[in-house]
Each structure stands twice: as C-alpha cells, then as structure tokens.
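Same order as they appear, the protein sequences are chains B and E.
Heads up, the first sequence is in UniProt numbering, so the first residue is 1 and it goes up one at a time.
Heads up, the second sequence is in UniProt numbering, so the first residue is 1 and it goes up one at a time.
Every clue listed holds true.
Here are the computed lysine-lysine pairs in the DSS-like style, where the Cα-Cα straight-line distance is at most 27 Å:
id, chain 1, residue 1, chain 2, residue 2
1, B, K170, E, K431
2, E, K407, B, K431
3, B, K402, E, K431
4, E, K407, B, K402
5, B, K407, E, K265
6, B, K265, E, K402
7, E, K431, B, K143
To be clear, the hints were calculated from the coordinates, so they are not data collected in a lab.
One letter stands for each residue in the lines below.
2 protein chains.
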Amino acid sequence: MSPSLVVNGDLVPVKSGAVTGRVASVYSEVQTSRIDHALLLPSVLRNPFKIVEGPRSSAAGNPDEIAKLFPYVFGQPSAMLVPNDTDTLKQDQKLKIGVVLSGGQAPGGHNVISGIFDYMQDRTKGSILYGFRGGPAGIMKCKYIELTPDYIYPYRNQGGFDMICSGRDKIETPEQFKQAEETAKKLDLDGLVVIGGDDSNTNACLLAENFRSKNLKTRVIGCPKTIDGDLKCKEVPASFGFDTACRIYAEMIGNVMIDARSTGKYYHFVRLMGRAASHITLECALQTHPNVTIIGEEVAAKKQTLKNVTDYIVDVICKRAEIGFNYGVILIPEGLIDFIPEVQQLIAELNEILAHDVVDEGGVWKKKLTSQSLQLFNFLPEAIQEQLMLERDPHGNVQVAKIETEKMLIQMAETELEKRKQDGAYKGQFKGQSHFFGYEGRCGLPTNFDASYCYALGYAAGALLHDRKTGLISSVGNLGAPVDQWTVGGTALTSLMDVERRHGKFKPVIKKAMVELDGAPFKTFASLRDEWALKNHYISPGPIQFIGATATAVNHTLLLELAAQS
Amino acid sequence: MSPSLVVNGDLVPVKSGAVTGRVASVYSEVQTSRIDHALLLPSVLRNPFKIVEGPRSSAAGNPDEIAKLFPYVFGQPSAMLVPNDTDTLKQDQKLKIGVVLSGGQAPGGHNVISGIFDYMQDRTKGSILYGFRGGPAGIMKCKYIELTPDYIYPYRNQGGFDMICSGRDKIETPEQFKQAEETAKKLDLDGLVVIGGDDSNTNACLLAENFRSKNLKTRVIGCPKTIDGDLKCKEVPASFGFDTACRIYAEMIGNVMIDARSTGKYYHFVRLMGRAASHITLECALQTHPNVTIIGEEVAAKKQTLKNVTDYIVDVICKRAEIGFNYGVILIPEGLIDFIPEVQQLIAELNEILAHDVVDEGGVWKKKLTSQSLQLFNFLPEAIQEQLMLERDPHGNVQVAKIETEKMLIQMAETELEKRKQDGAYKGQFKGQSHFFGYEGRCGLPTNFDASYCYALGYAAGALLHDRKTGLISSVGNLGAPVDQWTVGGTALTSLMDVERRHGKFKPVIKKAMVELDGAPFKTFASLRDEWALKNHYISPGPIQFIGATATAVNHTLLLELAAQS
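Between the sequences and the hints, there should be enough to build the whole structure, so can you do that?
Right, here's the structure in full:
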C-alpha cells in the first residue's frame with residue numbers, strides 16, 4: 001500500500017513520493033496564485049544578525065508570585081535581532097523542532113509553520129520539523145508528522161489549520177506534563193513552537209519552565225494567534241488572523257450597507273465573532289461606519305442593562321426615522337451578554353432554580369427570582385425566555401453561547417418601537433434582518449499583512465530556538481512600516497503575566513487585552529459614532545485584494561495604536 | 001439653501017455645483033480603485049456599425065395568444081449590430097431617455113445606467129438621461145432626476161442600486177398605464193430602459209405595446225437583471241449580477257469548508273438565496289465542491305418528500321462517519337420548501353384550518369389534517385411546527401419565507417441520526433452549524449465580468465433606442481470570448497413569452513429559466529457529486545480579484561451552457 005496521510009480522518013493521496021495533505025490540483029485560481037506569492041522577510045532576517053538582550057523583565061502584575069511560579073524562566077530579558085557583519089549562530093547545526101497549533105483557527109497559521117521551516121532550511125540545513133497533529137493532544141499522544149518541502153508547499157499563504165490541525169486540549173496535570181516530556185525526549189526535540197492565544201501561550205511558558213526544571217534540552221517559543229485580537233501588548237502589537245478576519249467581515253458588512261441604502265427598508269443587525277473582547281466589532285466599525293455599534297467593554301464599564309442597550313439602539317432608530325431613514329446597520333459583539341451584569345445574575349439564579357426546583361407551567365417558580373432578575377426575565381422576548389429555560393449544557397447550565405443576541409435585540413427593539421409608536425413618539429417602519437459572521441472569517445486566505453506577519457513570526461521563532469531561547473513569545477514590531485523595516489525578536493512570556501486566584505491557588509494568566517476605552521481605536525470611534533448614527537457615511541471595503549495598490553492596507557486598530565505609541 | 005438630493009431619505013451634499021448621490025470621499029480604497037477601472041466595450045460598439053434584422057420571431061409558447069396580446073410588437077425580428085464603414089444612425093440627434101431599476105438589487109445595475117449614458121454622450125451628444133426614482137413607481141409618479149456626468153461618476157463599477165433606487169411596484173392597471181403615458185409625454189421621452197427580472201421585462205413589453213398603440217414616440221427596451229440567474233435564453237445567455245453574487249457566496253462557502261476540514265467536527269448547512277430556481281446553489285456547488293447539494297428542481301422532478309431529502313443528507317453523513325469524517329458542508333436553496341409538494345399541501349391545509357377552526361392545546365384540531373399531512377406535521381421539528389402555527393402574513397397565510405430551512409434540516413438530521421445511532425447504524429458525532437448567505441451578495445462590487453457585461457447591455461440599449469427599436473431586450477452574446485468579441489443586439493421580448501391562465505384570462509409571462517436536469521451545469525454536477533460527497537475535494541475560490549490573472553474568471557454555469565451550445 002502506498003503511503004498516505006489522514007487529515008481529520010481524510011485519507012489523502014500521495015504525490016510524487018511525497019505525502020501531500022492538500023491536493024493543489026483542486027485549488028481555485030486565486031488559491032493557486034497565492035501559493036507562489038513571494039513573501040518579503042524583514043531585512044534583519046535576510047542578512048547576518050546577532051541577538052542582543054535587553055534588561056531583566058518583570059511581570060504584568062504580581063511579579064513576586066509569577067517569579068515563584070516560574071523560578072527558571074522568570075525575569076528573562078527580551079531578545080532583539082540586530083544586523084551584524086557575520087552570523088553569530090552556528091549554521092551547521094541540525095535542529096529537531098516541533099510545532100503545534102492550539103485553539104481556534106486564524107488566517108496565517110500555515111505561514112507561521114512555513115516560516116519556521118524556511119528558517120531551518122536556510123540557516124540550519126538538515127534540521128527536522130515535526131508537526132504535532134490535532135493540537136496539544138498531539139504532543140501528549142506523540143501524534144506527529146515530519147514536515148517536508150513538498151508537504152508544506154500547497155499550504156503556503158493558504159487559510160485554515162488543516163496542515164496539522166488544531167485542538168483545544170490543555171497540558172495541565174502532572175501526568176500530562178510527563179507525557180509532553182516523554183514526547184520531547186522520544187523525538188529528541190531541541191525546540192517546540194506553540195502557536196496559540198493567551199491560554200496556549202501561558203501553557204507554552206509552563207512547558208518551558210517544566211522542561212528547564214527537568215533539565216530537558218527542549219526550548220519553547222510561543223506565537224500570538226487569535227482573530228479576536230485580544231492577545232497583544234507593546235512588544236507584541238498584534239495577534240495574527242485579526243487583520244484578515246476583520247477584512248472578511250467588513251466586506252460583508254459593507255455589502256449589506258449598500259443593500260440597506262438601496263432598499264431603504266431594513267435594519268441589519270450583525271453579530272460578529274469575539275466572545276471575550278470586542279476588538280473585531282470595533283475594527284469593523286472603523287472600516288465601515290455603521291449607524292450603531294455596541295462595544296461590550298463600554299457596556300460593562302457603564303454598567304449598562306439590556307434595557308439601556310435596547311434604548312440606545314431604539315433612540316437612533318427613532319431619530320433616523322424623523323429624518324426619513326427607515327434603514328440602517330447595527331454591529332453587535334458575540335460576547336455582549338457576558339458584559340451585562342444583570343444577565344449574568346439572572347442566568348446564575350436560573351441555573352440554581354433549574355437544578356433544585358420544579359418549574360411549573362403556572363410560573364410559581366418565578367417567585368424564587370430576585371425582583372431585579374424577574375423584571376429582566378419578563379423584559380426578554382418569549383423565544384429567549386424559552387431558550388434560557390430549555391437549552392442546558394452537560395453540566396446543567398444555560399448555554400449563553402447559543403443565544404442569538406442579534407435576534408434578541410431585534411425583538412426587543414420591535415417591542416420598544418411598538419410602544420413608542422403608540423405613544424406617538426415614533427412614526428417609522430421597522431424591519432430587522434439578522435446576520436452572524438463568524439466561521440466565514442477564521443479560515444480565509446490571509447491578507448498580505450497576515451501572510452507576511454505570520455511568516456516573520458515563524459522565521460523569528462526559528463531564530464530564537466536556534467539561539468536556545470525559551471519561554472519567549474516571538475515578537476515582530478514596527479508593523480506600520482514596510483515589511484523590510486519590521487523589527488524582530490522575542491519577549492519573555494512571564495512579562496505578559498499576572499496571577500489569578502482559583503480554588504485558593506495562584507494561577508498564572510496572560511491577561512486578555514480588552515478594548516481600552518481610553519485607547520486610540522475606541523476614542524476615534526467614539527468621536528465619530530454620533531455622526532455615523534444619523535448621516536450615512538457607509539464605507540464598503542470590498543473584497544480583499546492581493547495585488548495592486550489596495551493590497552497593502554492594514555487594519556485601523558493596529559495603525560491607530562501604533563500612532564498613539566509613537 | 002444649496003441644492004441637495006434625497007436618496008432613500010438621505011440628504012446628500014452637493015459638490016462643485018453638481019448633485020452627487022454618493023460621496024466618493026468616504027469610499028474605501030478598493031471602491032475608489034474601481035471607479036476609474038476602464039471598461040472595454042465590444043469592438044462592434046467602438047466602431048461604426050449598422051443594425052441588421054433577423055427573421056420574424058415567434059413566442060416561447062402559444063404564439064397565437066401572444067400575438068393577440070401584443071398586436072403591435074409581436075413577431076419583431078431580432079436586431080444585430082454589425083460593423084459598417086460608416087454609422088447609419090444620425091449622430092446629431094438629441095434623445096430624451098428614461099431608465100428605471102425594478103425589483104431586487106443585483107451587482108452591475110449602476111453600470112447598465114453608465115452604459116446608456118455613455119452611449120448618449122458618445123453618439124447622440126446633447127441628449128438627456130432621466131433616472132426614475134424608486135422603481136416603476138417613479139415612472140407612475142413622475143419622480144425622476146436628470147443624470148449628469150458628475151452624478152454618475154462615483155457609481156461607476158460600484159454595487160448597489162442607490163443611484164436611483166429600485167422598487168417592486170408594477171404598472172398593471174389601466175390607470176397605471178395612463179400615468180406612465182403621462183410621464184412619457186411630460187418628459188417628451190424618446191425611450192425608456194427597464195432594468196429588471198422576468199416580471200419587469202414582461203411589463204416592459206406591455207409598456208412598449210401600450211405606447212405604440214397610443215401612437216406615443218416612446219420606445220421601450222429591457223435589460224436582464226437578477227442574481228437568481230433565472231432570466232436567460234439562447235439570445236440572452238445570462239442575467240447580470242449572478243456572476244458576482246455567486247462569487248461572493250462561494251468565497252464564504254470556501255472559507256467555511258476550510259474551517260470544517262480544520263476543525264473536523266461541524267456540519268455546515270448553508271442556505272443560499274434563490275427562491276424560484278436553484279441556479280445559485282448549483283453554481284456555488286460547481287465552484288466549491290460541497291459534500292451535499294440539494295437542487296430544488298431535482299427534488300420536484302423526483303417528487304421527493306422532506307423525509308427523502310433528510311435521508312439523502314443523513315446517508316451521506318453516515319457514510320462519511322464510517323470513513324472517519326464527522327464534518328462537511330451542505331448547500332440548500334432558499335426555495336427548497338416550495339419544491340416539495342407535500343409541504344405545499346400541508347401548508348394549504350393549515351391555512352384552511354387556522355382560518356376557520358379552533359386550534360386546541362390538546363391537538364384535536366390535527367384530526368382535520370389529511371393523514372399524509374398529519375404524518376409530515378409530526379415529522380417536523382417542534383420549532384418548525386410552532387412557526388407554521390404562529391407566524392402568519394396579513395392575509396392569514398403561513399409565512400413560508402420565514403422558515404429557516406437550514407435549521408429545520410439540521411434538526412431533522414439530528415433526529416434521524418439519533419435513531420440510527422440507537423439502531424447501531426451510526427457511530428459518529430454530529431454538530432450542525434447554520435448559515436444563510438443572501439443580502440451579502442446582492443450589492444457587492446461587480447466582478448469584471450458583470451461590470452463589462454452590464455456596461456455593454458446599457459450601451460446596446462442606447463443603440464437600440466437610437467434606432468427607434470421597441471419591445472426588445474438588450475442582448476449581448478458570445479460571452480465566453482474576450483469582451484472585444486462579444487456580439488451585441490436586441491431580442492423581441494415576445495419571443496421569450498408564453499401565456500398563463502389566471503382568473504380565466506391569458507396573461508403573458510416570460511417563463512423563469514429553471515435548472516434543467518438535462519443541462520450541462522446540472523449534468524456536470526450530477527456526475528461529480530458522489531465523489532464530492534465522500535472525498536473532500538473542497539475548493540476555496542477566495543475573494544474576488546479585480547486585477548491580475550485571476551480577475552477574468554467567469555462562472556461555470558455560463559461557460560458550461562455556452563460550451564454545450566457550440
């Protein structure tokens with residue numbers, strides 16, 4: 001039997017002696033054109049370099065506790081690649097490196113792997129790159145493939161994570177750390193690159209610490225991945241995938257805006273992916289100028305209720321009706337409900353009641369709710385009430401994720417507008433259309449920005465491992481400049497960390513970067529939103545272009561943040 | 001007060017003396033880059049031409065009845081523009097022409113208008129083009145604007161219909177025809193271009209007939225518009241907008257496919273716009289190779305039940321589970337339910353019962369259903385049962401359009417899979433994710449194909465009116481060749497018509513072009529679908545490109561149909 005490879009159970013044919021995961025012969029023209037898209041590396045990576053170190057680092061909070069949790073890797077200085085007359089790293093070394101994708105998909109993941117691979121080909125000839133399959137579980141179970149030029153080729157500049165696939169398992173228990181050690185030993189790994197979000201990078205640091213404490217030679221480098229854009233700091237100005245995902249959502253929003261203006265009779269409520277932070281919603285707003293944008297962090301900061309949010313939307317709808325507009329576009333972050341304290345309270349009470357009490361048809365059970373929760377429950381549309389009562393996860397909890405917030409808000413706006421109509425305060429027509437943009441954006445073809453950024457992140461990770469660094473996150477900076485001028489280095493993962501107390505113990509965490517209400521992106525948005533509400537300054541970004549003058553655009557969030565720093 | 005313009009109630013600023021509907025200063029880079037995209041005209045339109053006529057035409061069916069309904073315009077020959085040493089049409093004529101957009105948006109509408117305008121500027125200098133606002137109602141109410149170069153400029157190659165907006169009113173009653181006559185007289189119109197679908201083009205022909213019978217000088221030319229792709233015939237090989245809309249949906253489907261393969265745990269059920277015909281679903285299938293594609297016309301031809309459709313889907317899911325795939329992508333046409341006779345029957349019975357009987361909680365009312373309908377009703381998921389019982393339109397009828405077919409099929413698949421699991425016939429995991437792609441595709445930036453096709457359709461309409469033709473539909477052919485070689489002419493609208501008997505009277509109709517089960521696109525799909533079901537030959541078309549080698553792609557449906565004809 002000829003060799004073959006299983007990708008998510010998918011038996012894949014073997015071509016010209018090489019195991020090929022994807023078959024480029026069923027590629028679209030655009031996919032094909034992207035494979036051979038030449039990626040420019042930052043100049044420092046194209047020439048001889050040395051690695052210089054900065055001062056000793058601290059932590060984002062509670063440095064003493066972080067130091068206790070990471071006795072070996074805490075306090076490491078950041079590393080920076082700088083041009084040098086000759087290369088200081090030995091070029092004849094043969095490395096064995098593993099790479100793993102962790103968590104949800106983000107456009108560009110394949111390019112991080114290509115970057116590591118190309119670094120090894122260029123600078124440590126004869127090295128081997130192993131891809132752990134299906135996320136961290138692949139490390140624990142030692143499920144891997146050896147990546148070859150032929151295998152990697154069709155994934156270059158392509159979306160998705162299917163080259164080695166991802167997973168959501170965590171390496172947490174002592175047994176799991178032991179399994180990881182065994183894999184590292186078995187494969188004789190010099191290094192491991194963990195491509196993931198905040199949790200996965202925290203995990204990468206714990207692995208680095210653990211390997212060092214056990215005197216293993218395996219070093220660990222993280223890479224910042226998440227479309228949600230909530231893993232970033234000064235040294236790591238962006239997580240990859242955010243740029244592409246926002247451009248894809250913004251294309252759709254722009255199209256819907258032109259449709260709204262052409263038809264003149266629909267309010268489009270668009271829910272956008274991003275459960276923890278509202279960066280995606282904010283960026284899409286900056287790209288498209290919708291009439292209403294709800295930012296979860298603002299709702300939380302202002303302690304707004306669901307009624308407050310509804311009233312804000314309805315106020316805009318009423319004002320627009322007065323000037324003759326019975327249409328519009330409204331953006332809502334997926335995680336909105338999680339930002340509203342009263343909703344959390346209601347859900348906690350419902351979980352308690354449903355676990356211990358009989359829910360009678362007559363509604364006597366409602367007397368168990370606090371008066372505030374009862375009021376909120378009665379305010380909710382019937383369909384949402386039912387959803388809250390019926391759908392439970394395996395632990396018996398209400399499944400907040402399944403609540404279609406955009407439909408809920410349409411129904412609540414309808415009810416409120418009906419009331420205002422009866423009071424004579426509203427004379428318009430209201431028809432809501434709901435949308436959810438999520439899965440469409442996680443696996444698109446990466447923009448030129450994400451393609452180059454990921455490639456540099458991977459290439460840098462290769463250099464850091466070559467220099468035997470560990471517990472750092474690959475850091476590519478100066479992103480507002482042309483690729484050529486990007487800076488390259490690594491930042492101590494512990495410097496991004498704080499501790500959280502869970503079950504009486506301190507746990508290290510990389511804090512999610514939320515939308516900052518005094519940050520440049522939000523302030524820019526806030527200064528313009530009232531104008532966007534009433535005037536229709538819709539912008540339709542159109543489809544992502546890969547060549548031509550429009551192919552180099554970068555997202556507003558990044559540019560505004562960079563401008564504010566400089 | 002400075003002059004201003006109201007676009008769907010939108011007060012739009014005035015720039016440099018000209019009334020400007022859109023403000024190009026809030027355009028995205030891609031929108032801006034498209035404005036000045038130079039459109040090549042077919043060579044016959046760039047040089048001197050004469051118009052030659054073919055033989056007398058007939059009708060698509062019942063020619064005697066059509067002849068009676070259209071005594072003046074029936075039987076007209078087709079017109080064809082051919083190169084000539086000199087122009088045969090007088091170049092010093094000044095024409096007054098009106099244009100109207102009718103029905104739902106389709107990418108390219110603005111270019112049809114630009115094409116008419118540019119013809120008049122190029123060949124009948126000093127002419128005036130009026131845009132009727134808000135669809136056919138604009139004709140009846142004589143609501144119009146005079147289109148100027150400055151006004152048209154920002155709409156060139158842009159999506160949407162907001163230059164003059166559209167509407168769904170029809171000119172039907174004698175009073176309405178009278179209003180149209182008055183407008184034609186008041187504006188002293190030499191011609192009128194009706195941009196619309198099958199109904200609107202039927203209406204255009206009735207207008208042409210009426211104007212001729214009243215000895216008005218106003219001639220009427222139609223243009224084929226609809227993303228649904230169901231207005232076409234040999235002489236009119238495509239309706240505009242189909243190409244762009246399918247490319248936008250296929251981009252999203254392709255992204256979701258890569259996501260499905262990367263995650264390995266979701267079945268994505270994607271409902272696609274297209275109520276009457278399944279062309280969009282078929283084209284998207286040809287572009288992306290999904291695991292399951294339901295084509296309404298096939299369901300109808302095979303007289304399939306909802307259970308048959310569910311079983312087909314579930315069979316594929318079970319077979320895939322056996323070879324290790326617990327994920328996939330399934331395409332469903334929006335109009336699926338309309339193709340299933342038993343569903344129509346159930347809905348008719350429910351309408352009757354709800355209008356005349358008491359619906360008791362105990363369910364005694366169900367005894368009024370025929371046994372077949374009762375069986376189907378019980379087979380439906382509870383949420384759909386409720387939707388059928390609760391949501392009614394103003395006439396008291398069940399709102400079929402509101403049924404989310406993709407969610408219904410997910411629930412039915414879940415139930416069936418659970419049953420098979422208990423029988424030991426299925427051991428996989430099933431998680432459904434639902435999508436509806438519709439509004440995102442109607443107003444996107446037109447592909448180069450749609451941009452050029454629309455421009456040629458409009459330019460041709462100008463030429464036909466210049467030659468005093470009436471009752472023709474603008475026809476641009478040889479679309480598989482480069483634009484330069486496209487053929488240009490007009491086809492008698494009556495030749496596309498048949499009659500339908502309604503309320504005892506014959507009514508002329510342009511029959512919707514349905515998916516033909518013995519046509520090349522369906523046969524190509526049918527020959528490949530079993531392979532696509534089990535192997536994952538997913539293709540991800542990626543975002544529409546406007547420049548470069550991939551910018552000239554044309555949809556499969558058109559190319560396959562053209563190849564079959566030649």
